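What follows is the residue order along each chain.
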Amino acid sequence: MGARVLAWVSLSVLLVAVGVPFYWMVTTSLKTSTQIQSLTPYYYPRPVTFGNYVELLRGTGFPRWIRNSTAVALGASLVTVLVSCLAGYSLARIRYPGRRLLATTVLVVYLVPPTLLFIPLYTILNGLGLANTLWALLVAYPTFTVPFCTWLLIGFFRSIPPDLEDAAMVDGASRVQAFHRVVLPLAAPGVLAAGLFAFTLAWNEFLYALVFIHDGDLKTIPVGLNDLMFGDIFLWGQLMAASVLTTVPVVVLYTYLQRYMVEGLTAGAVKG
Amino acid sequence: MLPPDAGIGYLFVLPLVVLVLLLIAYPLGSAVYLSLTEKYVGYPPRFVGLKNYVELTGDPVFRKVIWNSAVFTVGSVTVKLMIGLLMALSLHQALFARRLVRGLLLLPWVVPTVITALAWHWMFDALRGFINVSLETLGLIGEPIAWLGQPSTAMMAVVVVNIWRGFPFFGVSLLAGLQAIPADLYEAAAVDGASATQRFRHVTLPGLRPVIFVTTLISTIFTLNDFNIVYVMTRGGPGIATHILATYTYEVGFQALRWGRAVAVSMYLMPLVVVMIVVLARRLTRED
Amino acid sequence: MTGRRLGLGALAVLLLLVAGAATPAEAQKPRLRVWLLRTYVPDANKALEASIAEWGRQKNVETSIEYFTFDDIETKYVAAIETDSLPDVGQLQTISPSRYHGMGRLMDVSDVVADVERTNGPLLDSALAATRFGGRFYAVPFNYITDVLFVRTDVFKKAGVPYPKTWEEVREAARRIKAKGVMDYPLGQSWNRSADGYGVFQALLYSYGGGWADARGHYKSIMNDTWRAVVRWASEIYTKDKTVPPDAMAWTGFGNNEAYLGGKIAMTFNGPSIYYVLEKENRPLLGDTLMLVKPAGPAGRNHDVFLLSWGVFNGTKHAELARDLVRFVMSPDEARKYMYQSWGQMVPAFEKLRRDPYWQKNPSYKAVLEAPSHAHTPGYPGPLTPAAAEVVATNVLTDLCARVIVEGWDVERALQEADKRINDIYATVPSR
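Protein chains in written order, with my numbering: chain Y, 186 to 457; chain X, -3 to 284; chain B, 9 to 440.
Keep in mind that the hints were calculated from the coordinates and are not lab data.
For clarity, every value in this text was computed on a predicted model and none was experimentally measured.
Hints should not be assumed to be uniformly reliable.
[Stated by the list, open to error] Chain Y regions said to be covered by chain X (calculated; three or more residues, Cβ under 8 Å):
no., region
1, 196 to 209
2, 231 to 241
3, 263 to 277
4, 315 to 322
5, 383 to 394
[What the hints assert, rightly or not] Taking beta-carbon pairs under 10 Å as the criterion, some of the chain X residues facing chain B (in silico):
no., residue
6, Leu131
7, Leu134
8, Leu136
9, Gly138
Don't be surprised by glycine CBs; every beta carbon is placed ideally from N, CA and C.
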């Protein structure tokens, strides 16, 4: 029993540590700028104002940023899942010359610092005529999501017993059918985990979105937030309101899907 | 003769290969070449061999940046691992509302880093920030502490934020690792009369070792490349007390306009990265 | 297989979103890409957008406006230069015309400047210095965002201290306000990695007669007593007077605004943005706030400058349209529309606009108007060069102060490091 008490004590401490910044974020978004800048602290807004939210949704491009971010993050995670699933399965299961080298390459590229890549990458995207379009991000984000997710899925596919697909193939199914009908359904948690990772990374990305996109209508949320910092004036209330609204969808997503992420990690990271 | 299904194997891996060659290998190659040139924005590159690297080694600012990066990374990753372990062990214990708590603790990892950094920047504000205000209200400090104004506390602050953001990744991964340890191992240990501490040392830790290893490596890379936290919270200040490789690369590249040197700065990560790659690759490509 | 249906659904949603987000532009009209700074005054931005739209209607040109902010201005341009994706026309910050002209990216716009001068009167010297190289103009001055000294009149009155006219008096005033117990940390001056740091340092330096370049723009050693005095002023407000808020060295660009608006400090050097917030939101603090021209030193009033200008980029297919757009937005009527919506924030560089009664509204507005007549470009007393720009942009000046204040170096050692950095920059910066 002592262990359980200890566990709850440490969890409570962690919950408070996690909660305080969120509390500050939410309450700030409900304060007027005078309350925010007051020298005597306001631990909670009095009175509560929704002005920041109204101003954010009416007076800024926030609705568009949300839309752009959603499109890009969804698209990037779909591309990622597609490429990583195929490659992960191939590298985990099928034997052919060069696959060890390929598996190592996946890791190598995963560890390359993005600060190194983004300048030459921009030149390429510009050459493809994609600069200043959302497609640029859709093409660029897989550079960091695909290696990670492929690596995760290699581990996951390996954790699935090969007997099942072997049996299917003995029964006359082709490799592609076995993959599609037998392995993929079993791999659903891993695939979802990979998708979730890709979505989160793409949703949060800042540097590529900052450099590759000029058009105000095409900004994603992290870059759009820059618009709320006018050089040396910060609209704290609106910034925090935007933070709350940006966090909510991801939190909802995770509340429903975290089980898969943990399962995906269990197989991918643990066994891989 | 190729093994059966090799064709499908190659076909499946083809999109990945195209992506890697076009969007990663080629840019990486250009980056390596750039680091060997004197490349000033708006001017053509001029090959200078290792000049950028040599100049950087003699630059006291760059040396400080390397040191800062090491402190930032080692400090963050160590504590993240410890807190993550605590979180995993506790969650493994506490059965009631585990999923809810796990979900809540995952939040910091999910929020865009820019937002995290902004929110914390404000928490650390000396005169109106939540931290000082609470400490003063509780009577723990008489004078406000300039968290971001002194080199040591500023470094501590950015490390704290990185920990806050990154520990859930450790926690969830390690929890996954814990759940994968077969229960009969514990039962066997209990039958042998092992104490809780002994069980932890001889069953839990060995079982977790692979996860700890992989997660630590991945987190090290994430942390080394972290740009937003320092950029938003301190810009590398006060002075250059919290300037790290990512922010310094950005400054050299986009303020000084010296791209050759900027890329050389990031390249200094490469030896470390190569070591990690070799170690990690050996583990991960090992056949079962 | 619900998974597959889910996947298809997601794909459909995605395609719709991307299609909607990337609506194709009209093809027939010529399309002019314009890059603007998103200033902190939305009214002024709207006025400028309206002018540009009006011009587009008159000339049957489609204009597309893209914004950058103070923070990412250099990043955007640098990325665009390296990928040949510069706009047709764009706003530039002080140091950019010199740098981009050096790279051969800016068109000669002397004719446009001549046209605008004919209608708006002659330019201030500090605007000439930032846009004219080798006798030709490579950018058209737009407006200054000037840096001034903010003072809290009620605090000064309470402490019985006169408003400072020299840098020494600034120190003295802060010390006296602190000594009288009116305010613990009256002076909000950060030597940080932003314009609030390197801008004010230049003002201090030039006012004391110091510099790092000679009149021809060549490197000059900084190991002299003028620099020692300047660095002492900059560091002793922290180390000796302790009149600066303890975390000021960590402020990013907005730190002093927040501190002033929160009532924590009684003096700070800043662009007029603080006044904008007070005036726009009609805060009580407005009545107790005065903007003054920054102080003088032994060598007089020689300050830093922040000038926005218009550049027309080489490689544009619509050079004549771009020039015409600049002429239009700078024409007296359009320029006034913008000025009147600027809440006293955007100070014109052309003489006739500067004489507009708009600026006589109150002493604070007058100070904002006067400030750029004391201003000088980086590298003063020499011309603005890419090397001088780099010294400012890479924070050499403020790192110098931080070494002394934060890391406890002695002034001599810190000066030696800065001297070496400046020398290196001048030795290696490319020139045409």
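Now the hints, each set against the structure:
no., hint, verdict
1, 196 to 209, "holds (count 10)"
2, 231 to 241, "violated (count 0)"
3, 263 to 277, "holds (count 8)"
4, 315 to 322, "violated (count 0)"
5, 383 to 394, "holds (count 5)"
6, Leu131, "violated (14 Å)"
7, Leu134, "violated (19 Å)"
8, Leu136, "violated (17 Å)"
9, Gly138, "violated (12 Å)"
Violated hints, in rising order: 2, 4, 6, 7, 8, 9; the structure is consistent with all others.
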